[in-house]
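Top to bottom, those sequences are chains A and B.
Letter by letter, the first sequence follows residues 105 to 721 of the numbering used here.
Letter by letter, the second sequence follows residues 75 to 118 of the numbering used here.
It should be emphasised that the hints constitute simulated quantities derived from the structure, not laboratory data.
Quick caveat: nothing in here was measured; it's all calculated off a predicted structure.
Incorrect hints may have been included.
Stated by the list, open to error - Far from chain A by the CB rule (all over 10 Å, computed), these chain B residues:
hint, residue
1, Ala76
2, Glu77
3, Gly79
4, Arg85
5, His88
6, Glu91
7, Thr95
8, Pro105
9, Ser111
10, Pro117
What the hints assert, rightly or not - Straight-line distance between alpha carbons at most 30 Å, and here's what the computed DSSO-like set of lysine-lysine pairs gives:
hint, chain 1, residue 1, chain 2, residue 2
11, A, Lys300, B, Lys97
12, A, Lys283, A, Lys300
13, A, Lys698, B, Lys82
14, A, Lys408, B, Lys97
15, A, Lys316, A, Lys373
16, A, Lys405, B, Lys97
17, A, Lys613, A, Lys691
18, B, Lys82, A, Lys691
19, B, Lys82, B, Lys97
20, B, Lys106, A, Lys684
21, A, Lys373, A, Lys331
22, B, Lys106, A, Lys300
23, A, Lys510, B, Lys97
24, A, Lys613, B, Lys93
25, B, Lys106, A, Lys432
26, A, Lys373, A, Lys405
27, B, Lys82, A, Lys475
28, A, Lys212, A, Lys139
29, A, Lys213, A, Lys156
30, A, Lys698, A, Lys684
31, A, Lys684, B, Lys97
32, A, Lys135, B, Lys106
The C-beta atom is built at its ideal place from N, Cα and C for all residues, glycine as well.
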Amino acid sequence: MMDVGRHPRIKLMAYSEIEHVSGFIGNFHVKVRKKARYVDESECTACNDCVKDCPVIVPDEYQQGLSSRKAIYIQLPQAVPSAYLIDMENCLGNNPIACGKCLDACEKKCIDFDMQDEIVNLEIGTIIVSTGMDVYDPTEMDEFGYRSFENVITSMEFERLICASGPTEGHFVRPTDHKLPKKIAFIQCVGSRSEKLGRNYCSNICCMNTIKDTLLLADHYPEVESKVFYIDIRAFGKGFEDLYMRSKESGVNYIRGIPGDVWEDPETKSLNLSVEDTTNGKVRIHEADMVVLSVGVEPRKDMKPLQQLLTLSSNADGFLLESHPKLKPVDSPTRGIFYAGCVESPKDVKDSVTQASAAASRASIILNAGKVTIEAITAVMDPDKCNFCGVCSRVCPYHAIEPADKKSGTYPNIIQAACAGCGTCAAECTMDAISMRHFTDAQMISQIDSILERNPMEKVVAFACNWCSYAGGDLAGTCRVQYPTNIQLIRTMCSGRVDEKFVIHAFKKGAPIVLVSGCHFSDCHYISAVQWTQRRVEKLWNRLERLGIRPERLQLEWISAAEGQRFGRVMRAIEEMRQKVTEEEVKETIEILKKEEEKERAKKVKREAALQPAAAV
Amino acid sequence: MAETGTFKCLRCGHEYEDKYTPKVPQERSCPKCGSNSVRRIGPK
Ligand code: SF4
Ligand code: SF4
Ligand SMILES: [Zn+2]
Numbered sequence: 105m106m107d108v109g110r111h112p113r114i115k116l117m118a119y120s121e122i123e124h125v126s127g128f129i130g131n132f133h134v135k136v137r138k139k140a141r142y143v144d145e146s147e148c149t150a151c152n153d154c155v156k157d158c159p160v161i162v163p164d165e166y167q168q169g170l171s172s173r174k175a176i177y178i179q180l181p182q183a184v185p186s187a188y189l190i191d192m193e194n195c196l197g198n199n200p201i202a203c204g205k206c207l208d209a210c211e212k213k214c215i216d217f218d219m220q221d222e223i224v225n226l227e228i229g230t231i232i233v234s235t236g237m238d239v240y241d242p243t244e245m246d247e248f249g250y251r252s253f254e255n256v257i258t259s260m261e262f263e264r265l266i267c268a269s270g271p272t273e274g275h276f277v278r279p280t281d282h283k284l285p286k287k288i289a290f291i292q293c294v295g296s297r298s299e300k301l302g303r304n305y306c307s308n309i310c311c312m313n314t315i316k317d318t319l320l321l322a323d324h325y326p327e328v329e330s331k332v333f334y335i336d337i338r339a340f341g342k343g344f345e346d347l348y349m350r351s352k353e354s355g356v357n358y359i360r361g362i363p364g365d366v367w368e369d370p371e372t373k374s375l376n377l378s379v380e381d382t383t384n385g386k387v388r389i390h391e392a393d394m395v396v397l398s399v400g401v402e403p404r405k406d407m408k409p410l411q412q413l414l415t416l417s418s419n420a421d422g423f424l425l426e427s428h429p430k431l432k433p434v435d436s437p438t439r440g441i442f443y444a445g446c447v448e449s450p451k452d453v454k455d456s457v458t459q460a461s462a463a464a465s466r467a468s469i470i471l472n473a474g475k476v477t478i479e480a481i482t483a484v485m486d487p488d489k490c491n492f493c494g495v496c497s498r499v500c501p502y503h504a505i506e507p508a509d510k511k512s513g514t515y516p517n518i519i520q521a522a523c524a525g526c527g528t529c530a531a532e533c534t535m536d537a538i539s540m541r542h543f544t545d546a547q548m549i550s551q552i553d554s555i556l557e558r559n560p561m562e563k564v565v566a567f568a569c570n571w572c573s574y575a576g577g578d579l580a581g582t583c584r585v586q587y588p589t590n591i592q593l594i595r596t597m598c599s600g601r602v603d604e605k606f607v608i609h610a611f612k613k614g615a616p617i618v619l620v621s622g623c624h625f626s627d628c629h630y631i632s633a634v635q636w637t638q639r640r641v642e643k644l645w646n647r648l649e650r651l652g653i654r655p656e657r658l659q660l661e662w663i664s665a666a667e668g669q670r671f672g673r674v675m676r677a678i679e680e681m682r683q684k685v686t687e688e689e690v691k692e693t694i695e696i697l698k699k700e701e702e703k704e705r706a707k708k709v710k711r712e713a714a715l716q717p718a719a720a721v
Numbered sequence: 075m076a077e078t079g080t081f082k083c084l085r086c087g088h089e090y091e092d093k094y095t096p097k098v099p100q101e102r103s104c105p106k107c108g109s110n111s112v113r114r115i116g117p118k
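Work the whole structure out from these sequences, hints included.
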């Protein structure tokens with residue numbers, strides 16, 4: 105961190121917040137609010153004189169509230185820049201200055217109560233998001249009594265208690281009597297892997313963190329007896345299994361089972377844990393002087409605004425979604441934005457450093473090249489057809505379309521470098537003013553035609569998105585999952601590309617059933633494009649019903665790349681539906697749609713005639 | 075604000091009540107057959 109602070113080509117803006125981001129890869133405009141710290145960071149030498157005189161005492165967040173700090177403080181001993189700041193929420197008052205003791209104490213005169221927030225505008229080529237994570241607060245888990253019993257602490261609090269720069273200077277003591285606890289119980293997976301809490305994911309770091317803690321205790325306090333209660337121990341990293349073995353060999357007792365209840369002895373303040381050992385089914389009561397809850401990690405609570413600013417999507421757990429889990433694990437779906445660390449998923453230091461190095465390399469490749477090569481699957485505009493409705497710029501999940509303005513006659517402008525090629529705009533534009541390179545309307549229509557050219561009654565036309573449904577089909581194939589071959593897939597990059605007219609065309613050509621399938625909402629590779637698919641299909645169901653066509657004949661399914669079995673199941677169910685569609689029904693549909701087309705055509709002619717100048721009379 | 079609506083599965087025909095927020099698309103699956111072809115049929 106010190107190196108980062110000193111590096112001539114790195115501008116570190118600590119205590120700052122991103123307020124606005126616009127632009128696209130290579131051309132981001134970022135507005136940063138550099139918050140006033142009321143201490144000149146270039147002059148402050150962290151001499152600590154001001155702190156001695158500050159009368160305000162508040163809990164120290166860095167020390168997990170186990171000790172206190174002043175209103176003028178430094179967040180952590182290794183902070184970069186190594187300079188103090190005034191926490192104005194707790195300071196006795198500015199404007200007028202109510203106390204000002206720090207002002208007098210600072211010989212170098214670095215304190216400035218008139219300091220204002222500063223707005224800095226930056227022109228940026230690429231962005232790396234590494235905003236980290238939050239730690240789970242176990243208060244809601246009544247069974248562990250975190251807020252009721254003082255000697256039940258979290259793994260973060262344990263970390264502070266055993267650290268040389270912690271509130272006890274590394275002397276490990278329990279909160280109630282400040283004595284060394286003789287028996288310690290670690291409870292794993294607190295706030296992780298729990299369907300009940302809606303937190304299904306594994307937090308990745310807690311098992312190894314506990315193993316490390318037990319080894320620390322064994323090293324420093326061999327007399328302490330440690331027990332670890334776990335679901336299973338996940339020690340999969342390099343050298344991790346060795347550490348686990350060392351911990352076991354040092355006498356740590358690993359018990360497979362999570363306590364159902366923890367209660368305190370009101371006199372000794374020690375704790376009892378009732379646990380079923382799942383290896384033998386026996387329930388036993390264990391005693392401990394201290395309980396450490398091995399808490400999981402979670403996405404930052406203040407993540408949403410940044411996510412919106414950068415148009416990033418998150419998965420069901422709330423961590424940011426990568427462009428591709430295997431091939432582009434550090435890229436965000438928005439070009440030019442990369443991830444490092446737990447913002448993307450829970451990970452340990454080594455994995456965070458690896459990802460950060462990869463993100464830095466990915467970013468510098470772009471910066472060094474000075475230009476970007478993009479896939480040619482982008483949207484293109486035909487201004488002659490545009491009626492300035494503005495729909496395209498509203499639906500684009502990447503904000504890649506600069507809006508139309510009828511007054512000034514400005515047509516929507518598709519920023520090619522920002523377009524990800526989902527095709528949502530092309531599908532939503534009722535004027536057909538937008539087309540997609542490589543997934544053109546003509547190509548889509550001719551695929552539908554060729555599927556339905558022969559024996560249409562036996563076919564199902566299925567639109568499948570590249571990343572999920574189509575890949576789910578691939579997996580079904582490689583797993584030898586049987587599904588009917590008369591279901592014929594048309595690949596689109598995103599289900600958002602499936603235009604209403606493709607579905608109607610398929611019905612006109614005699615399709616008994618049409619399927620639109622894409623990614624689950626939380627897996628959408630185009631941020632939120634899948635939501636437009638859903639809206640469009642709902643609109644189509646209404647339209648079909650209005651016309652007297654059974655909406656059931658248009659099916660919608662979300663299938664992920666990992667759901668090969670589900671892909672097979674869905675296709676078999678859809679084939680059963682197809683068998684129930686009669687030839688009469690299909691013929692009637694074709695008739696209805698033809699009539700509708702004729703009506704629409706007549707309306708269009710009338711509209712155009714009304715727009716013609718009266719001179720023709 | 076979430077409201078309660080009637081939903082129909084367009085695969086198995088199952089009808090059920092569920093919460094929804096107007097104008098906010100939400101991934102749904104039929105509690106009976108698991109299909110995502112779930113349509114809100116009321117209140118209109
Ligand atoms: S949706 Fe189509 S018609 Fe409307 S502004 Fe965009 S390009 Fe023009
Ligand atoms: S194709 Fe998708 S990403 Fe590209 S401009 Fe259209 S809506 Fe935006
Ligand atoms: Zn169903």
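Where does the structure disagree with the numbered hints, that is, which hint numbers, in rising order? Hints 4, 9, 12, 24, 25, 26, 27, 31, 32 contradicted; others consistent.
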